[in-house]
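Trainee: Input sequences plus hints: build the corresponding full structure.
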Amino acid sequence: MTSPADASPAPTAPPAAARSGTGLARTPDGTAYWDPALYRAELELLFGRHWLCVAREEELARPGDFLTRTVGPEGLLFARDGEGRLRGFYNLCRHRGTRVVPEASGTARRTFVCPYHAWTYDLSGRLVAARHMEPREGFDRAEYGLYPIRVESRAGFVFANLDERARPLAEALGPFFDRFRRFDFAELVRGAGRTYEVEANWKVVVENFSECYHCAPVHPTLNRLTPYTTGANDLTFHPAEGRSLAAGGYLAFAGDYRSMTRNGYTERPPLPGATDDDRARVYYYVLFPNLLFSLHPDYLMIHRVWPTSPAHSRIENEFYFPRAVAAAAGFDPSDAVELWDEINRQDWAVCELAQAGAASRRWSGGPYSDREAMVRDFDEFVVEELARSSAGRPPPR
Amino acid sequence: MTSPADASPAPTAPPAAARSGTGLARTPDGTAYWDPALYRAELELLFGRHWLCVAREEELARPGDFLTRTVGPEGLLFARDGEGRLRGFYNLCRHRGTRVVPEASGTARRTFVCPYHAWTYDLSGRLVAARHMEPREGFDRAEYGLYPIRVESRAGFVFANLDERARPLAEALGPFFDRFRRFDFAELVRGAGRTYEVEANWKVVVENFSECYHCAPVHPTLNRLTPYTTGANDLTFHPAEGRSLAAGGYLAFAGDYRSMTRNGYTERPPLPGATDDDRARVYYYVLFPNLLFSLHPDYLMIHRVWPTSPAHSRIENEFYFPRAVAAAAGFDPSDAVELWDEINRQDWAVCELAQAGAASRRWSGGPYSDREAMVRDFDEFVVEELARSSAGRPPPR
Amino acid sequence: MTSPADASPAPTAPPAAARSGTGLARTPDGTAYWDPALYRAELELLFGRHWLCVAREEELARPGDFLTRTVGPEGLLFARDGEGRLRGFYNLCRHRGTRVVPEASGTARRTFVCPYHAWTYDLSGRLVAARHMEPREGFDRAEYGLYPIRVESRAGFVFANLDERARPLAEALGPFFDRFRRFDFAELVRGAGRTYEVEANWKVVVENFSECYHCAPVHPTLNRLTPYTTGANDLTFHPAEGRSLAAGGYLAFAGDYRSMTRNGYTERPPLPGATDDDRARVYYYVLFPNLLFSLHPDYLMIHRVWPTSPAHSRIENEFYFPRAVAAAAGFDPSDAVELWDEINRQDWAVCELAQAGAASRRWSGGPYSDREAMVRDFDEFVVEELARSSAGRPPPR
Numbered sequence: 001m002t003s004p005a006d007a008s009p010a011p012t013a014p015p016a017a018a019r020s021g022t023g024l025a026r027t028p029d030g031t032a033y034w035d036p037a038l039y040r041a042e043l044e045l046l047f048g049r050h051w052l053c054v055a056r057e058e059e060l061a062r063p064g065d066f067l068t069r070t071v072g073p074e075g076l077l078f079a080r081d082g083e084g085r086l087r088g089f090y091n092l093c094r095h096r097g098t099r100v101v102p103e104a105s106g107t108a109r110r111t112f113v114c115p116y117h118a119w120t121y122d123l124s125g126r127l128v129a130a131r132h133m134e135p136r137e138g139f140d141r142a143e144y145g146l147y148p149i150r151v152e153s154r155a156g157f158v159f160a161n162l163d164e165r166a167r168p169l170a171e172a173l174g175p176f177f178d179r180f181r182r183f184d185f186a187e188l189v190r191g192a193g194r195t196y197e198v199e200a201n202w203k204v205v206v207e208n209f210s211e212c213y214h215c216a217p218v219h220p221t222l223n224r225l226t227p228y229t230t231g232a233n234d235l236t237f238h239p240a241e242g243r244s245l246a247a248g249g250y251l252a253f254a255g256d257y258r259s260m261t262r263n264g265y266t267e268r269p270p271l272p273g274a275t276d277d278d279r280a281r282v283y284y285y286v287l288f289p290n291l292l293f294s295l296h297p298d299y300l301m302i303h304r305v306w307p308t309s310p311a312h313s314r315i316e317n318e319f320y321f322p323r324a325v326a327a328a329a330g331f332d333p334s335d336a337v338e339l340w341d342e343i344n345r346q347d348w349a350v351c352e353l354a355q356a357g358a359a360s361r362r363w364s365g366g367p368y369s370d371r372e373a374m375v376r377d378f379d380e381f382v383v384e385e386l387a388r389s390s391a392g393r394p395p396p397r
Numbered sequence: 001m002t003s004p005a006d007a008s009p010a011p012t013a014p015p016a017a018a019r020s021g022t023g024l025a026r027t028p029d030g031t032a033y034w035d036p037a038l039y040r041a042e043l044e045l046l047f048g049r050h051w052l053c054v055a056r057e058e059e060l061a062r063p064g065d066f067l068t069r070t071v072g073p074e075g076l077l078f079a080r081d082g083e084g085r086l087r088g089f090y091n092l093c094r095h096r097g098t099r100v101v102p103e104a105s106g107t108a109r110r111t112f113v114c115p116y117h118a119w120t121y122d123l124s125g126r127l128v129a130a131r132h133m134e135p136r137e138g139f140d141r142a143e144y145g146l147y148p149i150r151v152e153s154r155a156g157f158v159f160a161n162l163d164e165r166a167r168p169l170a171e172a173l174g175p176f177f178d179r180f181r182r183f184d185f186a187e188l189v190r191g192a193g194r195t196y197e198v199e200a201n202w203k204v205v206v207e208n209f210s211e212c213y214h215c216a217p218v219h220p221t222l223n224r225l226t227p228y229t230t231g232a233n234d235l236t237f238h239p240a241e242g243r244s245l246a247a248g249g250y251l252a253f254a255g256d257y258r259s260m261t262r263n264g265y266t267e268r269p270p271l272p273g274a275t276d277d278d279r280a281r282v283y284y285y286v287l288f289p290n291l292l293f294s295l296h297p298d299y300l301m302i303h304r305v306w307p308t309s310p311a312h313s314r315i316e317n318e319f320y321f322p323r324a325v326a327a328a329a330g331f332d333p334s335d336a337v338e339l340w341d342e343i344n345r346q347d348w349a350v351c352e353l354a355q356a357g358a359a360s361r362r363w364s365g366g367p368y369s370d371r372e373a374m375v376r377d378f379d380e381f382v383v384e385e386l387a388r389s390s391a392g393r394p395p396p397r
Numbered sequence: 001m002t003s004p005a006d007a008s009p010a011p012t013a014p015p016a017a018a019r020s021g022t023g024l025a026r027t028p029d030g031t032a033y034w035d036p037a038l039y040r041a042e043l044e045l046l047f048g049r050h051w052l053c054v055a056r057e058e059e060l061a062r063p064g065d066f067l068t069r070t071v072g073p074e075g076l077l078f079a080r081d082g083e084g085r086l087r088g089f090y091n092l093c094r095h096r097g098t099r100v101v102p103e104a105s106g107t108a109r110r111t112f113v114c115p116y117h118a119w120t121y122d123l124s125g126r127l128v129a130a131r132h133m134e135p136r137e138g139f140d141r142a143e144y145g146l147y148p149i150r151v152e153s154r155a156g157f158v159f160a161n162l163d164e165r166a167r168p169l170a171e172a173l174g175p176f177f178d179r180f181r182r183f184d185f186a187e188l189v190r191g192a193g194r195t196y197e198v199e200a201n202w203k204v205v206v207e208n209f210s211e212c213y214h215c216a217p218v219h220p221t222l223n224r225l226t227p228y229t230t231g232a233n234d235l236t237f238h239p240a241e242g243r244s245l246a247a248g249g250y251l252a253f254a255g256d257y258r259s260m261t262r263n264g265y266t267e268r269p270p271l272p273g274a275t276d277d278d279r280a281r282v283y284y285y286v287l288f289p290n291l292l293f294s295l296h297p298d299y300l301m302i303h304r305v306w307p308t309s310p311a312h313s314r315i316e317n318e319f320y321f322p323r324a325v326a327a328a329a330g331f332d333p334s335d336a337v338e339l340w341d342e343i344n345r346q347d348w349a350v351c352e353l354a355q356a357g358a359a360s361r362r363w364s365g366g367p368y369s370d371r372e373a374m375v376r377d378f379d380e381f382v383v384e385e386l387a388r389s390s391a392g393r394p395p396p397r
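Residue numbers (this note's numbering), protein chains in the order written: chain V, 1 to 397; chain W, 1 to 397; chain P, 1 to 397.
Worth flagging that the hints you see were computed from the coordinates, not collected in a lab.
Treat each hint with caution, since some may be false.
To be verified - Derived Cβ-Cβ restraints for the label pairs, each shown as a range: (1) Pro148/V with Ala41/W: 46 to 52 Å; (2) Asp35/W with Val383/V: 26 to 32 Å; (3) Ser309/V with Thr31/W: 17 to 23 Å; (4) Ser309/V with Glu384/P: 33 to 39 Å; (5) Leu386/W with Leu386/P: 33 to 39 Å.
As the list claims (entries may be wrong) - Computed list of chain W residues with no C-beta within reach of chain V, every gap over 10 Å: (6) Pro73; (7) Glu197; (8) Glu267; (9) Asp276.
Every residue gets a Cβ at the ideal spot worked out from N, C-alpha and C, and that includes glycine.
Mentor: Below, the structure is given as structure tokens:
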């Protein structure tokens, strides 16, 4: 993957060394990447309490559209209800816990009928039929709707939160999308995508995205198009004015290159709204905890990093284009997709080598380079969020 | 799978709600299906102390016939000895613990020779040769026979028990087989069989068999032949007069259907001894803990459900026919076997969806329907048996 | 595998029964072969503190030659440096823990460049380049060399030790190689090799090698060439004069057989230095913990047994011949290699049966035969070494 440059360490954050009280700040030791108990805590306290990007609104465009997702052991269900509202649920029949919807996605559904005993829910999650239950004393259908989860959307992205007491999405995102008001992200449509399985902890993947220190040795093509020295960070997890859940910056194209394609050029027009600066840059941000947001002159790309075990991740990589571009005859995003497939695979290879090495009993962390302020920032933010989440509140169950 | 109908809840059992002291009785939460410690306790206290159906007598018909089975981590060996007695052993050489018999089954064996160092046991488990051991002071061959396990048979079924203090099989089964005295089950022979691997806890499979509430949505063919509303339970785990280790009931054929085959008809004659009622019904019983017994007008079918991990089971499905029927030219059981293969696969699919859902942190059990008295009964019986087994006695080792 | 004969129990060792204070000494119970905590302790205290044979010197003959190995979770790197010295390191970049060298081996390398961020180490492990680190206050390249591990060689074998306080190799090996001074093992070259994956604990494999009690039933060809009754042990783990880390003995050829090939004959000359006795014997020794050393009249063979989980091992089997023999036109070691492949597979099969049986709750160990003094010796030595290692010293980290 690529990553923002870290030439300019976060100006308002105290240096890690000062925060930790020791000498040179160090990366986490192997426990962070291998310990099953820490992994479960991260699922519970990070993935169970933060807003997670799960889909695009276009995938749930019409009433009756639905899709399912898996987050750790949790099956989730999302749908557009009859009134056009987005809905989210645990994909869990209230009768026996069965996954109500086994399919990945579908359309024109009016009800969800559990495949086991045919308990039937409407698109708002209400239990509307449960054969042979009504005679039972004390059974009230109204109490047995699908367990809801919170869903909100922004910029065409659908976010879900398993924590019913979580702050609203807008507050969690902070001003992140405001800085891109000139674009109409909601209008973009999915033009391509690919899913990867990687033998590395999810944080290794986010750390990898958070620096371009590795770009020269790992990504010769990327580094030729957007040299790692051209970048700057412009958003961090620890700003003076309060928390943000996004951090990152940009790289600038060398010479007259104008697109992340194999040859650096494209016939696609810039995204509507793009300024001259935007046409000369690729912006890279982490939206905590697991959305990697990469804005190119002519397309928007994201990675969603899903933990599947302490040492494995599933990564969904998607590309969005203006509707008119994607609908045009001869639309072919392969110049972008193939380059990113190459970059992705280069990244997964080094992520897997870092994951393997971190299992050593001899490994106790290493120093951050001058170009890894954002990695340090992410690593510290994870620790703080775990502490904050576990401190104030009982577990949600 | 199919299941008895639960139209008539057990008349003598107090309702679960009364027993538990809470409102509506609830199914177990996810712990019951995922917790490794509970799984180990079930192997030790249920599968390690109850009578388990392991084979048919015909598989061990002649002296020297033998077969091996695996129950959790245990390898077991069964044989017919020279005097015609059934014998059961741990499949474990007393020298180094090696599996003495690697084969699944065989005939005409006079001794079992361990493949590692050739310690040799006779069919009654006596160590009859152990090269280079006699010189060792304190070594007496008589002390090094195969560890025996208890074996008894009934109705042609061979049962084994790993608990040397277990009550006799007849007492454990209670009057179950007495109700079928009109049949000669011992005379039946195996005509077909298939083994399945299912990603679900063994109890999910037994629960699935214990109700036909799912039959209309899951098994259209079965439900057309034997509508789920036609049934009644006639045996429960909690009778007033004392414990039984079998529970179940029957479904009745619709119209003039007379066999569980794809078209509902068969050219096979009814089993000898079948009454008019028997010719119009399919009986379904659970023999605790893991034998599913399904008596059809023209054949007897069983499933043995073997736990292989908290979330996996291996299921052996077998079909038995009168010897004369199975020996006749042109005998073809595929009309029955293919229908049941379809029903089995429909069941495993919903069992796997229920297993997956039960992993959710949000899942804390659901209410039993009017048609699931036997599921509730089984769930409660498991809890009681675990408590009873772990209370009174030290572990068997 | 084969194994020394145990006709002559170690004369100076007190019998196990006396040591244990109980009656007949017993083999370990299933815990020794299945318990994850014991497995981790063995990795830490045995494989983490003893000298391990990792390669032959010929594989690191010239400056710039290198190879990597995996020991449990540890990646290791070995190289010949510019001054011709052998070097060993954790294969672990000091920056992020990445495996510095992903390749299995290579030649003519002047530096190791980490594939992630291009930190660069010379062949002596010094960090010679680390882009963007120098500006960081408190960063001194001299403190960030590859973590070294100790490497020594003997008789052409390269040994490594993860314990920086371990005694020198010569002291650990004791007089083992002195007894073969007539041979020039260092001159031998690798002529063949094969790697096996076995579903058995590493100790099951070493125990298997430590006796030929199983040779008659398991290895008919081996036993025809070198009958198990012909052998004698001449070295044990518990000699009166102090510890040795090698134990074993020999088998003698029957009739005029003179080589472990399928027909017992060979056109290869005896190894230079071989005496008349050497030409009539195969010597088998365990070099603790995991090197199995088998000296034949015309070749030297070893097995390295690497633990990969409590119930799995990876076994590297290699064959060494005089350089002149291996370099001759028409050199074909397949007569030896194919026989040993057959013997190896016979051994892995019984090892896997022993491993499976040891999982039984009923298994609590068995008696050693008259021919298994060396197995008993090894089993007791493991227990003593674990106790000794864990007693006196803090863990190495």
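Trainee: Next step is simple, just say for each hint if it's right about the structure.
Mentor: Going through the hints against the structure:
1. One distance hint, 46 to 52 Å for the beta-carbon pair proline 148/V and alanine 41/W, is violated here, with the actual separation near 35 Å.
2. Checked against the hint of 26 to 32 Å, the C-beta distance between aspartate 35/W and valine 383/V comes to roughly 30 Å, which is consistent with it.
3. Between serine 309/V and threonine 31/W the C-beta distance comes to about 21 Å, which sits within the given range of 17 to 23 Å.
4. Separated by about 37 Å at the C-beta atoms, serine 309/V and glutamate 384/P satisfy the suggested range of 33 to 39 Å.
5. Checked against the hint of 33 to 39 Å, the C-beta distance between leucine 386/W and leucine 386/P comes to roughly 36 Å, which is consistent with it.
6. Every beta carbon of chain V lies more than 10 Å from that of proline 73/W, the smallest distance being close to 22 Å; the non-interface claim holds.
7. Non-interface call for glutamate 197/W relative to chain V: holds, since the shortest CB-CB distance, roughly 19 Å, exceeds 10 Å.
8. With a closest Cβ-Cβ approach of about 35 Å to chain V, glutamate 267/W is found to remain outside the 10 Å limit, as its non-interface label requires.
9. With a closest Cβ-Cβ approach of about 30 Å to chain V, aspartate 276/W is found to remain outside the 10 Å limit, as its non-interface label requires.
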